[in-house]
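*Asks:* Sequence:
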Amino acid sequence: MQDNTQLAEQGWEVTTNYIHRFLKAEFPLLPDEGVKAIHDYVTQENMLVWIAKHLGVKDLIRCESFPVPPSVTKQVFLAIIGAVNHDQGMQRAEMFVHDFVVAQLVGKDVNAMWDVPNPMGMLAEILQKEGRGEPEPRIINQSGVNTVTPVFCVGVYSDKELLGEASGDTMPLAVEEAARVALANMFKTHEGRKPLALDTRLKTMAEIAGKTDYLENKS
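Residue numbers for the sequence shown follow the numbering used here, beginning at 1 and rising by one.
Simulated from the structure, these hints should not be mistaken for lab results. One or more hints might be untrue.
Calculated pairs, DSSO-like style, for lysine-lysine (alpha carbon to alpha carbon, straight line, at most 30 Å) [unchecked claim]:
(1) LYS53 <-> LYS36
(2) LYS36 <-> LYS58
(3) LYS194 <-> LYS108
(4) LYS36 <-> LYS194
(5) LYS108 <-> LYS53
(6) LYS58 <-> LYS108
(7) LYS36 <-> LYS188
(8) LYS194 <-> LYS58
(9) LYS160 <-> LYS188
(10) LYS194 <-> LYS160
(11) LYS129 <-> LYS188
(12) LYS129 <-> LYS160
(13) LYS160 <-> LYS53
(14) LYS129 <-> LYS194
(15) LYS24 <-> LYS36
(16) LYS24 <-> LYS53
(17) LYS108 <-> LYS24
(18) LYS129 <-> LYS24
(19) LYS24 <-> LYS188
(20) LYS36 <-> LYS108
Taking CB as the label site, the calculated pair distances span [claimed, not checked]:
(21) SER143 <-> GLU9: 55 to 61 Å
(22) GLY192 <-> SER65: 44 to 50 Å
(23) GLY133 <-> HIS54: 45 to 51 Å
(24) SER65 <-> ALA25: 19 to 25 Å
Note that the structure is predicted; figures quoted are calculated from it, not measured. Even for Gly, the Cβ is constructed at its ideal location relative to N, Cα and C.
Please model the complete structure; the sequences and the hints are all you need to start from.
*Replies:* As structure tokens, then:
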């Protein structure tokens, strides 16, 4: 049997290109590093293998190893996308990626997927580029300061405008979290933003059922 590497490569190209375009359209203010982090989250091997297993892709796999290695499952899943692209065109393949891969972002906090190492520093840099005052953290409220469970509520301001606020059990943690909230507000990735532009109707495998024989000949 022929190897399905070429189909998998085509599938990966369709997948990564579409997800990048989708994320740039959904989060136009998000820096490239943030877009890449979300892209990498939704295309990581564990995620693609999980999707593949729930679509019954294991029934399409012919492999000498058992249990089937995750890398093989991922390759077959991407090969399915490549096969859809090959036989039904780019639009169908992108619909598949949209409905089964991008849909995994529903209900997820995209901010948690991007670990900004120095949120206050990034916030200061953005404000400077925009000609605004540097970020200034201020205590909004605090409680239990002299107990084992203190809570500090901190707001980050620029030119007297509140950019974000958060709480923490130490001042440094509260300041850092408030800076992250401020960044999320600036990038429009904050809680309460409009839902992702996803069609809640998920397609069945019927669209690619005709690809089974094709894949078996290629695998």
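*Asks:* Hint compliance check: list the failing hint numbers for this structure, sorted ascending.
*Replies:* Result: hints 8, 13 and 24 break, sorted rising.
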